[in-house]
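Student: Spelled out, the chains give:
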Amino acid sequence: MERNQRGGIIGVIITVIILILLVIFTNTNSKNISIIDNIANIIIVPIENGLTYLKNKLNNNDNFFENVNKLKAENEELKQKNSELEQTLREFEITKNENEQLKQQLNLAEKYAGYTTIPGTIISRDISNYSKTLIINVGSDNGIQENMTVIADEGLVGHVVSVTNKTAKIQTIVDSASATSCLTNTTRDSVICKGTIENVSTLRATNIATKANIIQGDSIETSGMGGIYIKGIHVGTIKKVVGGTNKTDSYALIDTAVDFEKLETVLVITNQ
Amino acid sequence: MKKIIINISLIIIFTIIYLLQVCFFTNFTIAGVMPNILIILMLYIGLYMGRSMGIIYGIIFGIFVDIWIGKSMGLTSICLAVVGIVGGIFDKNFSKDSRITVILMGIICTILYEILLYILQYIFLEINLEIVSFIKILSIEVVYNTLLVIILYPLMKLTGYEIENEIKGDKILTRYF
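Going down the list, the protein sequences come from chains A and B.
Counting in our numbering, the first sequence runs from 1 upward without gaps.
Counting in our numbering, the second sequence runs from 1 upward without gaps.
Among the clues, some could well be false.
In the DSS-like style, the derived pairs of lysine-lysine whose C-alpha atoms are separated by at most 30 Å in a straight line are [unchecked claim]:
1) A:Lys239 <-> A:Lys166
2) A:Lys262 <-> A:Lys96
3) B:Lys157 <-> A:Lys239
4) A:Lys211 <-> A:Lys166
5) B:Lys2 <-> B:Lys136
6) B:Lys92 <-> B:Lys168
7) A:Lys103 <-> A:Lys231
8) B:Lys3 <-> A:Lys240
9) B:Lys136 <-> A:Lys262
Where chain A lies over chain B, by a calculated footprint (3+ residues, C-beta under 8 Å) [to be verified]:
10) 53-59
11) 65-76
12) 86-98
13) 120-128
14) 131-142
15) 146-158
Pair ranges (Cβ atoms, derived) [stated by the list, open to error]:
16) A:Thr210 <-> B:Thr101: 48 to 58 Å
17) B:Phe124 <-> A:Glu261: 20 to 30 Å
18) B:Ile107 <-> A:Val242: 51 to 61 Å
19) A:Met225 <-> B:Cys23: 33 to 43 Å
20) A:Thr116 <-> B:Glu126: 46 to 56 Å
Derived from the structure by calculation, the hints contain no laboratory data.
Note that the Cβ used here is the ideal one computed from N, Cα and C, for glycine as well.
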């Protein structure tokens with residue numbers, strides 16, 4: 001019985017470790033980590049150190065170790081200085097983050113000076129893997145109403161679907177149930193941009209006319225049709241044009257201008 | 001009195017789970033995919049409190065989720081209620097003493113919930129049908145939920161029988177006959 005219990009606890013601990021490792025490995029940029037490099041370093045660095053030490057001995061360069069006490073004192077002093085610097089750095093980081101957030105809000109307000117906007121901060125995100133709705137901390141008390149356009153510094157975010165006194169629910173353009181009427185910037189071709197469940201920063205442009213000329217790298221903006229979004233708000237750029245079996249079912253993949261994973265602050269346009 | 005405490009505790013647990021989902025698991029993902037602990041909670045309620053409680057709690061919790069973050073009222077309610085019903089059916093037909101059985105129940109409930117929700121969203125919200133992406137996300141979510149069931153199973157077992165004895169009372173059949 002006791003053995004079973006112990007086995008159970010060990011099982012739970014192992015599962016927790018596996019879970020944490022999975023989360024870390026799947027969310028870390030693989031370019032930044034080279035496991036082979038690390039393993040190679042573990043093997044090579046001690047050998048290199050040993051060889052350098054031997055070389056120094058042979059060349060009588062080992063007088064470095066003579067004043068050990070002096071070095072220890074110096075080391076302590078440096079440690080003290082280092083901790084002071086770390087403290088200053090932490091304070092600096094906090095100030096820097098605060099500064100960046102305020103700058104972002106200021107930039108947003110300046111960029112869309114033609115519109116009356118209300119800034120809001122995202123307080124909650126959707127719990128489902130298949131939909132991308134957001135909750136912001138401004139509501140009807142601040143003048144927010146349903147169907148108002150929501151933007152960020154880089155471009156379109158979505159629109160308000162419901163409002164309470166203090167909060168507003170936003171359906172983002174990357175939500176799988178969202179469809180936005182857009183135009184290509186150079187050729188002025190009309191497309192419908194729909195959210196996908198595969199990628200949080202990719203839209204699928206469908207309903208492309210057979211005579212349309214969709215160019216890779218062209219930017220996409222809202223067309224103003226449909227009555228929700230204002231005309232001319234930047235949505236993203238065309239990443240890839242995918243041809244179907246015939247011309248009618250071809251579609252384009254669009255990289256959204258807004259990074260929805262890092263999005264923190266938005267602006268709600270109130271004078272549409 | 002004990003029943004009231006159990007019900008209040010479940011509402012508190014639901015609130016904590018919801019907050020964990022929106023604040024913690026949105027960042028603690030496996031390849032960008034979040035788990036869904038609400039499914040595990042509903043399975044737990046269905047297993048230890050019965051089918052009817054599973055339906056009631058599924059609908060209530062689902063309505064709250066739909067009000068707070070959902071796009072359409074009732075979709076999450078239906079899916080969570082179905083998980084509650086399935087939990088009740090599992091309780092009648094399988095033993096809860098085996099960890100493997102409960103893990104399999106968790107897997108089945110996760111698959112059932114997500115497929116049902118996706119179909120309902122496809123019908124009512126007219127979302128795009130992306131089968132390959134859906135299967136990919138579902139597979140990762142199943143793995144994530146399974147790991148969480150393994151971690152939470154001792155706690156489920158410890159509290160579950162206490163709740164079962166209190167809720168079902170003399171209606172409960174002996175587990176070892």
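Student: Look at each hint and say if it fits the structure.
Tutor: Structure-based check of all given hints:
1. Of the pairs offered as hints, the one joining Lys239 of chain A and Lys166 of chain A is violated, with about 38 Å between alpha carbons and a cut-off of 30 Å exceeded.
2. Annotation: proposed proximity of Lys262 of chain A to Lys96 of chain A holds, straight-line Cα distance about 17 Å (limit 30 Å).
3. This hinted pair does not check out: Lys157 of chain B and Lys239 of chain A have alpha carbons roughly 51 Å apart, beyond 30 Å.
4. Using a Cα cut-off of 30 Å, the hinted pair Lys211 of chain A and Lys166 of chain A is violated, with the two alpha carbons roughly 47 Å apart.
5. Taking the CA atoms of Lys2 of chain B and Lys136 of chain B, the gap is near 43 Å; set against the 30 Å cutoff, the hint is violated.
6. With a C-alpha separation of about 13 Å, the suggested pair Lys92 of chain B and Lys168 of chain B falls inside the 30 Å cut-off, and the hint holds.
7. The straight-line distance between the Cα atoms of Lys103 of chain A and Lys231 of chain A is roughly 26 Å, inside the 30 Å bound, and the hint therefore holds.
8. Only pairs whose Cα atoms come within 30 Å are accepted, and Lys3 of chain B paired with Lys240 of chain A is rejected, the gap being roughly 59 Å.
9. Under the criterion of a C-alpha separation no larger than 30 Å, the hint pairing Lys136 of chain B with Lys262 of chain A is consistent with the structure, at around 23 Å.
10. Coverage of the segment 53-59 of chain B by chain A is violated. Counting CB-CB distances below 8 Å, 0 residues qualify, and the rule asks for three or more.
11. For the segment 65-76 of chain B, the assignment as covered by chain A holds, since 5 residues bring a beta-carbon within under 8 Å of that chain's beta-carbons and 3 suffice.
12. Counting residues of the segment 86-98 of chain B whose beta-carbon sits less than 8 Å from any beta-carbon of chain A gives 0, not enough to reach three: the coverage restraint is violated.
13. With 5 residues having a Cβ less than 8 Å from any Cβ of chain A, the segment 120-128 of chain B passes the three-residue criterion, so the hint holds.
14. Here the segment 131-142 of chain B counts 5 residues with a CB under 8 Å from a CB of chain A, which clears the bar of 3, and the coverage holds.
15. Given as covered by chain A, the segment 146-158 of chain B passes the check, having 6 residues with a CB less than 8 Å from a CB of that chain where 3 are the minimum.
16. With their beta carbons about 56 Å apart, Thr210 of chain A and Thr101 of chain B fall inside the hinted range of 48 to 58 Å.
17. The hinted range of 20 to 30 Å is satisfied by Phe124 of chain B and Glu261 of chain A, whose Cβ atoms lie roughly 27 Å apart.
18. Between Ile107 of chain B and Val242 of chain A the C-beta distance comes to about 34 Å, which lies outside the given range of 51 to 61 Å.
19. One distance hint, 33 to 43 Å for the beta-carbon pair Met225 of chain A and Cys23 of chain B, holds here, with the actual separation near 37 Å.
20. One distance hint, 46 to 56 Å for the beta-carbon pair Thr116 of chain A and Glu126 of chain B, is violated here, with the actual separation near 32 Å.
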